[in-house]
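Enquirer: Each chain, letter by letter, is given below.
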Amino acid sequence: DAKTTQPPSMDCAEGRAANLPCNHSTISGNEYVYWYRQIHSQGPQYIIHGLKNNETNEMASLIITEDRKSSTLILPHATLRDTAVYYCIVRLPMIYNQGGKLIFGQGTELSVKP
Amino acid sequence: DAGVTQSPTHLIKTRGQQVTLRCSPKSGHDTVSWYQQALGQGPQFIFQYYEEEERQRGNFPDRFSGHQFPNYSSELNVNALLLGDSALYLCASSLHYFRGKDQPQHFGDGTRLSIL
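Quick note, the sequences are listed as chains A and B, same order.
In terms of the numbering used here, the first sequence opens at residue 1 and continues consecutively.
In terms of the numbering used here, the second sequence opens at residue 1 and continues consecutively.
Incorrect hints may have been included.
Negatives, chain B to chain A, calculated, CB over 12 Å [claimed, not checked]:
#: 1; residue: Gly28
#: 2; residue: Phe69
#: 3; residue: Asn71
Quick partial rundown of chain B residues pointing at chain A, CB under 10 Å, derived from the structure [to be verified]:
#: 4; residue: Thr20
#: 5; residue: Ser33
#: 6; residue: Gly42
#: 7; residue: Glu53
#: 8; residue: Gln56
#: 9; residue: Gly58
Listed next, the in silico DSS-like pairs over lysine-lysine satisfying Cα-Cα at most 30 Å (straight line) [claimed, not checked]:
#: 10; chain 1: A; residue 1: Lys52; chain 2: B; residue 2: Lys13
#: 11; chain 1: B; residue 1: Lys101; chain 2: A; residue 2: Lys3
#: 12; chain 1: A; residue 1: Lys52; chain 2: B; residue 2: Lys101
Derived from the structure by calculation, the hints contain no laboratory data.
C-beta atoms are modelled at their ideal positions from N, C-alpha and C, and glycine is treated no differently.
Can you make the complete structure from the sequences, with help from the hints?
Expert: Laid out in structure tokens, this is it:
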């Protein structure tokens, strides 16, 4: 079973920031938080990941709370092409015996509207 | 720099047949994982290959098997196909370890398998 909880759907106006929440209250100290998105008929696309600190890349920002029990993915200026299902996943690092596998939940369906 | 490539893109088989799906990882990647995605569901982990060995396996029967070659490419084999095996099969590749930071998996666009 997935170890994360996400709202099933969200709307966002084009050009505005999209803030996607994720709860992972049972996360262990060694588990990373990963975000992927999937546009219909394509494979999941990696967005960003982090362990404790906030992270930013060219696609998004990841804000992880100090207790690590929740996180928020921020798309700073959403476009229509950001309409997709967004998955928040926690996983052990690849180097661990049971690490590396991604357990997907139902994700959040983000609709960006004009 | 090519990403993860999978072949074929679409495949139609009948019940009881066997199928082989292929995956070429992103350049420089050494670990390959396979996932099954049924319609309307999130992907489910099948297994992971590293150093030509199956390192982890999800909750899938022995009908599902795989292989990793010395060039890191991989195959997924499914025997005795069932109607319920109809799904999108995704391959993901990654580096096993790099400079102390966990490395993300990158996915291909999958093989759509239909069982009649």
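Enquirer: The structure should be examined with respect to each hint, and the outcome stated for every one.
Expert: Outcome of the hint check:
1. Gly28: holds, 15 Å
2. Phe69: Given that every Cβ of chain A is farther than 12 Å from that of Phe69 (chain B), nearest at about 19 Å, it holds.
3. Asn71: holds, 20 Å
4. Thr20: violated, 19 Å
5. Ser33: holds, 7 Å
6. Gly42: holds, 3 Å
7. Glu53: violated, 13 Å
8. Gln56: holds, 6 Å
9. Gly58: Holds, because the Cβ-Cβ distance from Gly58 (chain B) to chain A comes to roughly 7 Å (cut-off 10 Å).
10. A:Lys52 to B:Lys13: Violated. Lys52 (chain A) to Lys13 (chain B) sits at ~46 Å, over the 30 Å cutoff.
11. B:Lys101 to A:Lys3: holds, 21 Å
12. A:Lys52 to B:Lys101: holds, 12 Å
In this structure, the hints that do not hold are numbers 4, 7 and 10, in rising order.
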